[in-house]
Amino acid sequence: METLGIWAAALVTLAVFSFLYRENPFYRWAEYTMVALAAANGAVVTYHNYVKPTLMTDIVQKGSYSLIIPALLGLLIYTRYFRSMLWLSRIPIAYWVGYGAGYILAYYPATLLKQITSSFFQLNSINNVLLFVGVVATFVYFIFTWNRERYPILGYTASVGRWTMMIAFGTAFGSTVAFRFNLLLGRLQFLLQEWLRVVK
Amino acid sequence: MFSMYWAAEAAKTPPPWLGFVSGGLAAQFVFVVFLFAATYGLIRRLQGGGRVAAIRKIAGLDAINEAVGRATEMGRPVHFTPGIGATSDPQSYAAFAVLGEVGKLTARYDTRIIVTTANAIMTAITDEIVRGAYLESGRPDAFNPDDIRYLSSAQFAYSAQVLGIFEREKVAANIMVGVFAAEALLLAEAGAQIGAIQIAASTNTFQLPFFVAACDYTLIGDEMYAASAYLSKDPALTGTVVAEDWAKMLILGVVVLGAILNTVGSKWLQNILNR
Amino acid sequence: MFWDKMQKINKYYIYALLVIALVIPMFVPLGLPISITADTRKVYDLMEKIPPGSPILMSFDYTANAVAEMDPMATALLKQAFKRGLKVVLFSQGDQGAVLAQKIGDDLAGKMKKNYGTDYVHLGYKPGGTVVLRRMVEDLWDAAANVDMNGKPLSSFPLMQNIKKITDVKAIVVISNGSPGFVEWLNYVTGPQKMPLFGGTVSVMVPGYMPYVQSGQFAGLLQGSRGTAEYELLIKEPGKAVSAQDSQSLSHLYLVTLLVLGNLGYFLRKKPADGR
Amino acid sequence: MRKELPILVSFLFGAVVILAKYISLGPLPELIKVLDKWSIVSGAFAFLFGMINLSLLHGHNVARRKSDYLFSLYFIIVMWAFFFLGLYQTQKGYSYKWIFDNVYTPGTSTMYGMIAFYIATSAYRAFRARTMEATVLLVGAAIVMLGNAPVGAVIWKQFPVISDWLLKIPNTAGMRGILVGVYLGALTTAIRIILGLERGHLGGRG
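Sequence order for the protein chains is H, Z, A and W. To convert, note that position 156 of the first sequence is 156 in this note's numbering; the numbers rise steadily by one, no gaps. To convert, note that position 116 of the second sequence is 116 in this note's numbering; the numbers rise steadily by one, no gaps. To convert, note that position 152 of the third sequence is 152 in this note's numbering; the numbers rise steadily by one, no gaps. To convert, note that position 57 of the fourth sequence is 57 in this note's numbering; the numbers rise steadily by one, no gaps.
Isolated chain H, as found in the complex (with noise of 0.2 Å):
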């Protein structure tokens, strides 16, 4: 069974690949398996962990009956298929995106607070001062209703601030082939040991 495995994954794998010669049925193929397993497996996972649970432990055995109300305002969502009702879905939907805003509001101030405290450069050293302009310039280049043809200021500040972004874009994909390299050394190490064992 582990080597009939091993020719399956070695199987997804080529057809995935396949795709660098062009798109064809084998990608295909694999296209559609993972994407079906994906969406099962998905579903799987959360009737396992919550609905079951719920269902059967807190509703039926603790008798925990409040939760009957969030699992119906879940089941509307499947409202969205009748024409007429379909307004009732939009109720989880505020219900997510509400709470999920709520929380920003209420979470996201603190880490852009210590974003904002951490920007106190003491201006004692060439870095430090880097820094700190590096900072604000880029900053300035995210205000978007000051006119800069009135505060040619914001204007010069802004484009110091798209150049400290490229050095910064540039850094972040210098540092990305690493691990996108490692990831397909990771595949070829498949093939090459498990599948084909050419090397040991």
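Some hints could be false.
[As the list claims (entries may be wrong)] Label pairs and their calculated CB-CB ranges:
#: 1; chain 1: Z; residue 1: Gly75; chain 2: W; residue 2: Ile162; range: 46 to 52 Å
#: 2; chain 1: Z; residue 1: Ala54; chain 2: W; residue 2: Ala15; range: 30 to 36 Å
#: 3; chain 1: A; residue 1: Asp139; chain 2: Z; residue 2: Gln47; range: 52 to 58 Å
#: 4; chain 1: A; residue 1: Lys164; chain 2: W; residue 2: Arg2; range: 44 to 50 Å
#: 5; chain 1: W; residue 1: Gly59; chain 2: Z; residue 2: Gly50; range: 50 to 56 Å
#: 6; chain 1: Z; residue 1: Arg44; chain 2: A; residue 2: Lys11; range: 54 to 60 Å
#: 7; chain 1: H; residue 1: Phe26; chain 2: W; residue 2: Leu19; range: 29 to 35 Å
#: 8; chain 1: A; residue 1: Asp4; chain 2: H; residue 2: Trp7; range: 40 to 46 Å
#: 9; chain 1: W; residue 1: Ser67; chain 2: Z; residue 2: Gln47; range: 27 to 33 Å
#: 10; chain 1: H; residue 1: Arg22; chain 2: W; residue 2: Val34; range: 53 to 59 Å
#: 11; chain 1: Z; residue 1: Met249; chain 2: W; residue 2: Leu31; range: 34 to 40 Å
#: 12; chain 1: H; residue 1: Ser64; chain 2: Z; residue 2: Lys57; range: 54 to 60 Å
#: 13; chain 1: W; residue 1: Val154; chain 2: Z; residue 2: Lys57; range: 43 to 49 Å
[Claimed, not checked] Calculated cross-link-like contacts (lysine-lysine; reagent style DSSO-like; alpha-carbon spacing at most 30 Å):
#: 14; chain 1: A; residue 1: Lys111; chain 2: W; residue 2: Lys97
#: 15; chain 1: W; residue 1: Lys168; chain 2: W; residue 2: Lys157
#: 16; chain 1: W; residue 1: Lys92; chain 2: A; residue 2: Lys79
#: 17; chain 1: A; residue 1: Lys111; chain 2: A; residue 2: Lys42
#: 18; chain 1: Z; residue 1: Lys170; chain 2: A; residue 2: Lys11
#: 19; chain 1: Z; residue 1: Lys267; chain 2: A; residue 2: Lys8
#: 20; chain 1: A; residue 1: Lys49; chain 2: A; residue 2: Lys11
#: 21; chain 1: A; residue 1: Lys42; chain 2: H; residue 2: Lys52
#: 22; chain 1: W; residue 1: Lys168; chain 2: A; residue 2: Lys170
#: 23; chain 1: W; residue 1: Lys168; chain 2: A; residue 2: Lys42
#: 24; chain 1: H; residue 1: Lys62; chain 2: A; residue 2: Lys111
#: 25; chain 1: W; residue 1: Lys37; chain 2: Z; residue 2: Lys104
#: 26; chain 1: A; residue 1: Lys152; chain 2: A; residue 2: Lys42
#: 27; chain 1: W; residue 1: Lys37; chain 2: W; residue 2: Lys92
#: 28; chain 1: A; residue 1: Lys103; chain 2: A; residue 2: Lys236
#: 29; chain 1: W; residue 1: Lys37; chain 2: A; residue 2: Lys113
#: 30; chain 1: W; residue 1: Lys92; chain 2: A; residue 2: Lys165
#: 31; chain 1: A; residue 1: Lys194; chain 2: A; residue 2: Lys113
#: 32; chain 1: W; residue 1: Lys92; chain 2: A; residue 2: Lys152
#: 33; chain 1: A; residue 1: Lys103; chain 2: A; residue 2: Lys83
Because the hints were derived from the structure by calculation, they are not lab data. Since we're looking at a predicted model, the values are computed, not measured. From the three backbone atoms N, C-alpha and C, an ideal C-beta is built for every residue, glycine too.
Chains Z, A and W: place on chain H using the hints.
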């Protein structure tokens, strides 16, 4: 041992006039109240017939017209994706705003639009937005629900299928606005290889470099949050952007003052903000 | 002429050379020296400073498709924790991470003679996103639905008797390749509770995380496979990451060559006659 | 009613979370515990939504005999078969895990790994020093690449040093500037949602 940082700040009490706020949260509370008040104040001013400043030019958003136009000339479809985020992610709202605009343009030019999503609920919402845009443009019959496609909630299963769609449908313009992670380069580079004109927007700093490298236009970070106001020109929404800019000016002032104080050795401001 | 042709080079050649650059070191290791950076040493020191016997929480926030880079990192960190006699609560913000944590945890525990329930416990994955993290602050047992990964009640484990809230652990160690990961822990747990947060991430995420490292919100960060390799050397257990560094070297060199050639080609190609 | 109720729901629940965080008055903290649980449970009960969506889409393809309809048929069968297998066996079941580990995981890992090829072509094709800005980006990327792998130090000792400086100073500054803007943008968007100004998700803009 972990003196680093957190320990020094623990157990701060708020100033007496903010006694009702939980300890250590006073500055945050004041900041949130400031944001709400500025937003509310500006909206009131607008309702009273006042005016607010315009948003500076954002090239990536202006380019949407060009992108849809190109696709129309070539007689090939436009692809739009709101990324792999869920409805709870604020970036998704920027995506909705841009999609509304793109939908109106494709309806007007009679160009096919394919929307792919990685979240079933996002599909429902995008469906409604595009449907609404076609209705608004007076062409409800041209809307094709089969082109609003939920692909997969798994990142790479999703990307696998988008790559397939790129090749099979010969997409001419690719607009990506929303939450993107590792699939960003995959989508952007595949889009570049089929020669599509590409506009991308994300606040994900890890993926922005790839968008900048592989796309024709990229909205960086906060620029995408301004999209809904910029595109709709709705005064209330513009008001929120102005309010945000006030907060930005406030922060800018605080940072400059804080740095000066810190340089002369005073922790006064830092302490206030941590109360 | 040459550069014109180079401009239109077939992408398959680029692909093929990349594969060759990655594969060569599998056959012929180069053994280039690896120096230890301050960032890696910082993570090592953080772990070293936690008193033996104290509990920590390790969150395996990575996905199965990133195991090539993340498994060695998680292994190295957990190895050091076990070596130092720390008690470890394993957890994951994702269902795949939970499975991977179980495999690595049980493997290492077997080799290092650690007992489940007293030396480590695996809470597994609990659906609900960040709500679960927020809940842990109030009541960790409730957030975990009172059971471990395999559905056994938490009350049956001696280790869990002293861990009722997240603040009962000394540090949160995160191994993550994206979101959910570090930032969720910061925003909802370690920030508000002022707890130390450190760990490791893939090299992609490093530049974006630097503001948090600079501010101290992340106390230490292992940087990708390079960081893991250094860490393996620090704990004197060279493993997969160390051996991957040769492939890294060749492929990076190859990519820089591509950058240079691409640009040379761009500037030296025969310009159109109208001088554009 | 149909328009206002969802906006009211968003407002109420959003406001409760904010108040509970900053002002832990009376029953608010307890209420949040309940609502947190509700949020998890209600989300969980939407678990079939994605599968139904996909089934309808591919069912359409099959019914209309679209060009790919055999793939769509295959898709529906595989998805539901795997779902019922998982319901019956749980994720830890032998066959379920076998399929997941040997088909799904290698497939998505390969997708992930494939990005490496795209990086190579994009390095060759897209990263051109067309402008000064692009040049800066390019040179930064090259230095960091060399600094990140052991080979860099072998070529020139200063590569890791410069690369580390780029990461710690200009990169930190740029990323923080972006980050602060992004946090603010998210806060503003959240305010728009709670005030009912942003309602794209409720069917209709503005």
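The hints, checked one at a time:
1. Under the hint 46 to 52 Å, the C-beta atoms of Gly75 of chain Z and Ile162 of chain W, about 50 Å apart, fit the expected range.
2. Checking the proposed 30 to 36 Å range against Ala54 of chain Z and Ala15 of chain W shows it holds: the Cβ atoms sit about 31 Å from each other.
3. Evaluation of the 52 to 58 Å hint for Asp139 of chain A and Gln47 of chain Z yields a failure: the beta carbon distance comes to about 46 Å.
4. In this structure, Lys164 of chain A and Arg2 of chain W meet the distance hint of 44 to 50 Å, their C-beta atoms being roughly 46 Å apart.
5. For Gly59 of chain W and Gly50 of chain Z, the hinted distance range of 50 to 56 Å is satisfied, since their beta carbons lie about 53 Å from each other.
6. Evaluation of the 54 to 60 Å hint for Arg44 of chain Z and Lys11 of chain A yields a pass: the beta carbon distance comes to about 58 Å.
7. As the Cβ distance of Phe26 of chain H to Leu19 of chain W is approximately 57 Å, the hint placing it in 29 to 35 Å is violated.
8. The hint said 40 to 46 Å for the Cβ distance between Asp4 of chain A and Trp7 of chain H, and at roughly 45 Å that hint holds.
9. Separated by about 54 Å at the C-beta atoms, Ser67 of chain W and Gln47 of chain Z break the suggested range of 27 to 33 Å.
10. Range check, Arg22 of chain H to Val34 of chain W: Cβ separation about 54 Å, and the 53 to 59 Å hint holds.
11. At roughly 36 Å, the beta-carbon separation of Met249 of chain Z and Leu31 of chain W lies within the given 34 to 40 Å, and the hint holds.
12. Between Ser64 of chain H and Lys57 of chain Z the Cβ separation comes to about 55 Å, which falls inside the hinted range of 54 to 60 Å.
13. Here the CB-CB span from Val154 of chain W to Lys57 of chain Z is close to 47 Å, well matched to the stated 43 to 49 Å.
14. The straight-line distance between the Cα atoms of Lys111 of chain A and Lys97 of chain W is roughly 25 Å, inside the 30 Å bound, and the hint therefore holds.
15. A distance of roughly 18 Å separates the Cα atoms of Lys168 of chain W and Lys157 of chain W; the hinted pair therefore holds under the 30 Å criterion.
16. Restraint check: the Cα-Cα separation between Lys92 of chain W and Lys79 of chain A comes to about 26 Å, which is no more than 30 Å; the hinted pair holds.
17. Simply put, Lys111 of chain A and Lys42 of chain A have alpha-carbon atoms about 27 Å apart, close enough for the 30 Å limit, and the pair holds.
18. A distance of roughly 19 Å separates the Cα atoms of Lys170 of chain Z and Lys11 of chain A; the hinted pair therefore holds under the 30 Å criterion.
19. Simply put, Lys267 of chain Z and Lys8 of chain A have alpha-carbon atoms about 59 Å apart, too far for the 30 Å limit, and the pair is violated.
20. Note on Lys49 of chain A and Lys11 of chain A: the hinted pairing is violated, with a Cα-Cα distance of about 51 Å set against a maximum of 30 Å.
21. A threshold of 30 Å between alpha carbons decides the hint, and for Lys42 of chain A with Lys52 of chain H the separation of about 44 Å lies outside it, so the pair is violated.
22. Our distance criterion of 30 Å between C-alpha atoms is met by Lys168 of chain W and Lys170 of chain A, whose separation comes to about 28 Å.
23. Between Lys168 of chain W and Lys42 of chain A, the direct Cα distance comes to roughly 15 Å. Compliance with the 30 Å bound is thereby established for this hinted pair.
24. Distance check on the hinted pair: Lys62 of chain H and Lys111 of chain A sit about 41 Å apart at the alpha-carbon level, beyond 30 Å; violated.
25. The straight-line distance between the Cα atoms of Lys37 of chain W and Lys104 of chain Z is roughly 40 Å, outside the 30 Å bound, and the hint therefore fails.
26. With a C-alpha separation of about 36 Å, the suggested pairing of Lys152 of chain A with Lys42 of chain A is violated against the 30 Å cut-off.
27. This hinted pair checks out: Lys37 of chain W and Lys92 of chain W have alpha carbons roughly 26 Å apart, not beyond 30 Å.
28. Between Lys103 of chain A and Lys236 of chain A the alpha-carbon distance is near 22 Å, which keeps this suggested pair within the 30 Å criterion.
29. For a cut-off of 30 Å, the pair hint linking Lys37 of chain W to Lys113 of chain A is broken: about 38 Å separates their Cα positions.
30. Only pairs whose Cα atoms come within 30 Å are accepted, and Lys92 of chain W paired with Lys165 of chain A is accepted, the gap being roughly 29 Å.
31. For a cut-off of 30 Å, the pair hint linking Lys194 of chain A to Lys113 of chain A is broken: about 33 Å separates their Cα positions.
32. Taking the CA atoms of Lys92 of chain W and Lys152 of chain A, the gap is about 15 Å. The hint holds against a cut of 30 Å.
33. Annotation: proposed proximity of Lys103 of chain A to Lys83 of chain A holds, straight-line Cα distance about 18 Å (limit 30 Å).
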